[in-house]
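Colleague: Okay, here's what each chain looks like letter by letter:
2 protein chains.
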Amino acid sequence: MTETASDLYEGLLNGDRRAAARLISMVENQDRSVRQVLRMLHQHAGRAHVVGLTGSPGAGKSTLACGLTKRYRDAGLAVGIICVDPTSPFTGGALLGDRVRMQELSGDPDVFIRSMGSRGALGGLSMATNDVINILDAFGKDFIIVETVGAGQVEVEIVKYAHTCVVVTMPGAGDEIQAIKAGILEIGDIFVVNKADRDGAHRTLADLEMMIETKPGGDDSAWRPPVIATKALDGEGIEELEDAIAQHADYLRESGLLGLKTEQRMKAELLEILNLKVSQAAARVLDEDEEGRELVRRMTARELDPHSAAEEVMEHLLKREVEKPGT
Amino acid sequence: MTETASDLYEGLLNGDRRAAARLISMVENQDRSVRQVLRMLHQHAGRAHVVGLTGSPGAGKSTLACGLTKRYRDAGLAVGIICVDPTSPFTGGALLGDRVRMQELSGDPDVFIRSMGSRGALGGLSMATNDVINILDAFGKDFIIVETVGAGQVEVEIVKYAHTCVVVTMPGAGDEIQAIKAGILEIGDIFVVNKADRDGAHRTLADLEMMIETKPGGDDSAWRPPVIATKALDGEGIEELEDAIAQHADYLRESGLLGLKTEQRMKAELLEILNLKVSQAAARVLDEDEEGRELVRRMTARELDPHSAAEEVMEHLLKREVEKPGT
Numbered sequence: 001m002t003e004t005a006s007d008l009y010e011g012l013l014n015g016d017r018r019a020a021a022r023l024i025s026m027v028e029n030q031d032r033s034v035r036q037v038l039r040m041l042h043q044h045a046g047r048a049h050v051v052g053l054t055g056s057p058g059a060g061k062s063t064l065a066c067g068l069t070k071r072y073r074d075a076g077l078a079v080g081i082i083c084v085d086p087t088s089p090f091t092g093g094a095l096l097g098d099r100v101r102m103q104e105l106s107g108d109p110d111v112f113i114r115s116m117g118s119r120g121a122l123g124g125l126s127m128a129t130n131d132v133i134n135i136l137d138a139f140g141k142d143f144i145i146v147e148t149v150g151a152g153q154v155e156v157e158i159v160k161y162a163h164t165c166v167v168v169t170m171p172g173a174g175d176e177i178q179a180i181k182a183g184i185l186e187i188g189d190i191f192v193v194n195k196a197d198r199d200g201a202h203r204t205l206a207d208l209e210m211m212i213e214t215k216p217g218g219d220d221s222a223w224r225p226p227v228i229a230t231k232a233l234d235g236e237g238i239e240e241l242e243d244a245i246a247q248h249a250d251y252l253r254e255s256g257l258l259g260l261k262t263e264q265r266m267k268a269e270l271l272e273i274l275n276l277k278v279s280q281a282a283a284r285v286l287d288e289d290e291e292g293r294e295l296v297r298r299m300t301a302r303e304l305d306p307h308s309a310a311e312e313v314m315e316h317l318l319k320r321e322v323e324k325p326g327t
Numbered sequence: 001m002t003e004t005a006s007d008l009y010e011g012l013l014n015g016d017r018r019a020a021a022r023l024i025s026m027v028e029n030q031d032r033s034v035r036q037v038l039r040m041l042h043q044h045a046g047r048a049h050v051v052g053l054t055g056s057p058g059a060g061k062s063t064l065a066c067g068l069t070k071r072y073r074d075a076g077l078a079v080g081i082i083c084v085d086p087t088s089p090f091t092g093g094a095l096l097g098d099r100v101r102m103q104e105l106s107g108d109p110d111v112f113i114r115s116m117g118s119r120g121a122l123g124g125l126s127m128a129t130n131d132v133i134n135i136l137d138a139f140g141k142d143f144i145i146v147e148t149v150g151a152g153q154v155e156v157e158i159v160k161y162a163h164t165c166v167v168v169t170m171p172g173a174g175d176e177i178q179a180i181k182a183g184i185l186e187i188g189d190i191f192v193v194n195k196a197d198r199d200g201a202h203r204t205l206a207d208l209e210m211m212i213e214t215k216p217g218g219d220d221s222a223w224r225p226p227v228i229a230t231k232a233l234d235g236e237g238i239e240e241l242e243d244a245i246a247q248h249a250d251y252l253r254e255s256g257l258l259g260l261k262t263e264q265r266m267k268a269e270l271l272e273i274l275n276l277k278v279s280q281a282a283a284r285v286l287d288e289d290e291e292g293r294e295l296v297r298r299m300t301a302r303e304l305d306p307h308s309a310a311e312e313v314m315e316h317l318l319k320r321e322v323e324k325p326g327t
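Going down the list, the sequences are from chains A and B. Note that our numbering has the first sequence beginning at 1, numbered continuously upward. Note that our numbering has the second sequence beginning at 1, numbered continuously upward.
Everything labelled a hint here was simulated from the structure, so no lab data went into it. Please note that a few of the clues may not be correct.
Treat identical chains as interchangeable: a pair holds within one or across any two.
What the hints assert, rightly or not - Lysine to aspartate or glutamate pairs mimicking DMTMM-like chemistry, simulated, CA-CA at most 25 Å apart:
no., residue 1, residue 2
1, K160, D287
2, K160, E213
3, K70, E303
4, K160, E303
5, K261, D243
6, K160, D16
7, K261, E288
8, K70, E239
9, K215, E288
10, K70, D108
11, K160, E294
12, K261, E311
13, K261, E291
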């Protein structure tokens, strides 16, 4: 480990904010020396409860994140907030829209806020997000809120790292409910209808209750996702949300699902690292190795199909490449 | 190869639309028997020119796709259209918004239209999209238009398979221009300002010209991306767009970049297949193999970090798993 990386590691464990910020920047800048730090951080992580906040833009996720954070701070808990925007290439330095509302929080030394975009996502944004979760976890945050901007495939990927997934919608969002039906229903542990003073709130609440009631396989689980009405701007319903998250955390612990979730997260993390290693090694093989270049030539000439070429790379070329030092 | 797969392969090469539709459904349904067909199709693909259409929702990409298709059909060319919506889990069967406008085209036996969502994307949506491109290419389509719904990370991934990437925007979209600046400028071979009769069109055109002019590294390329004003609904500017695509195709051929692009595409295809194979094999190892399960246990207990575990899987467990039949 380089001296800098070692210093940052020590700094992080000693509660130095700049060390945390610097390590996160290294993740985003794809600085290889951060890997060694992440390895060593693993033993210090695993204590934070990770809350995913997902749902369509404009539903008020950032306001909810701020409201929750204030409550956790009142209880003396340390909080990390990661705002992930897969549609934006902007990273940490840039400000996301709702950052203004987070301004008052960001002066608090026990709140750490970071925005992440799609840039700097070697191995995918979900891997980078997970790295940042681990950094904030080892940094001693009790709760880490991962807010995603959209509700698409990438967001679902990211939410898989959360212990509790909160899906946020708002009244009258008929299409949104459809979207929830189609893909988001499965991942929601808690549903929030924000801006609940608007027209159609009762309808949206009832629709969601109905969907949860009739969810296929819903009976198999002892956890019935609650549907919570909030007015995040006025702080209404935030306490109920906080309680629901606490109840879900208890449920995970008592049912033994917490261990299972942690196992799944470890597997997912391992698979992402493995894919990155394999991709990097294979790219080198295809660009630099004589036999690798010949495979590319034959594929391009349509003499060899990519499936067969992939098998060739797998069986003969990859192993020795991966064993090279520095990979 | 199963009898069905073999029949579908023959059917596709003989111009049977139902065979094409069936093979695409097999890709979406992650039917393993389609892999063997895709291997054999490789030798028959490589003739189509693939046009990517990307840009923000509402810019009129579908209308442009329809307009282009009509022109190609007037010239006697066969066209495939793939509408990719990474934010939707809906697949082929479901209709995307602009499908209505495509209705009149879809009766034409030489036009093949297919919508794809994020579901059925084993190995990622970009891999599935590439499989569908290859199917339509071997099916004999001269032009394949890949329309993506958004302009985020996933769309950029998908567009990498296109020979010519058309970025679509519209007047007054100040934020859009920013987005183009941030990430999309690099990938655009042609820029379109659609709805060019609206206020602010001149400004948007001038902004784009300026950005292209001052693009870092722009001088290195002999291709200067044209900026085309269109009113797709009235058919205005479509001829210019068609010409620009033809000129870009000529440029790729004459400069030798076509071969380079094909090579890059082959490498990308190989890497995606490889990642899928490795992920599947590794998931099996972690779930079923005694040593693999022990790795998961130690990671969960924080005794072993995922990076070290990934190396373990790579070096000792993966090779024998990959060599098992049926992978």
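Colleague: A separate judgement is required for each hint: does it hold in the structure or not?
Modeller: Verification of the supplied hints:
1. K160 to D287: between (34 Å within a copy, 18 Å between copies)
2. K160 to E213: For K160 and E213, only the intra-copy Cα distance (23 Å) is at most 25 Å; the inter-copy one is 43 Å.
3. K70 to E303: neither (62 Å within a copy, 34 Å between copies)
4. K160 to E303: Answer is between; shortest inter-copy Cα gap is 22 Å, intra-copy 41 Å.
5. K261 to D243: within (21 Å within a copy, 54 Å between copies)
6. K160 to D16: neither (28 Å within a copy, 41 Å between copies)
7. K261 to E288: This pair counts as between: shortest inter-copy Cα distance 18 Å, intra-copy 40 Å.
8. K70 to E239: The answer is within: 11 Å in one copy meets 25 Å, while 58 Å across copies does not.
9. K215 to E288: Result: close neither inside a copy nor across copies, 52 Å intra and 30 Å inter.
10. K70 to D108: Within one copy, since 10 Å is at most 25 Å while 60 Å is not.
11. K160 to E294: Cα proximity of K160 and E294: across copies only (22 Å, versus 39 Å in one copy).
12. K261 to E311: Cα proximity of K261 and E311: across copies only (22 Å, versus 33 Å in one copy).
13. K261 to E291: between (42 Å within a copy, 20 Å between copies)
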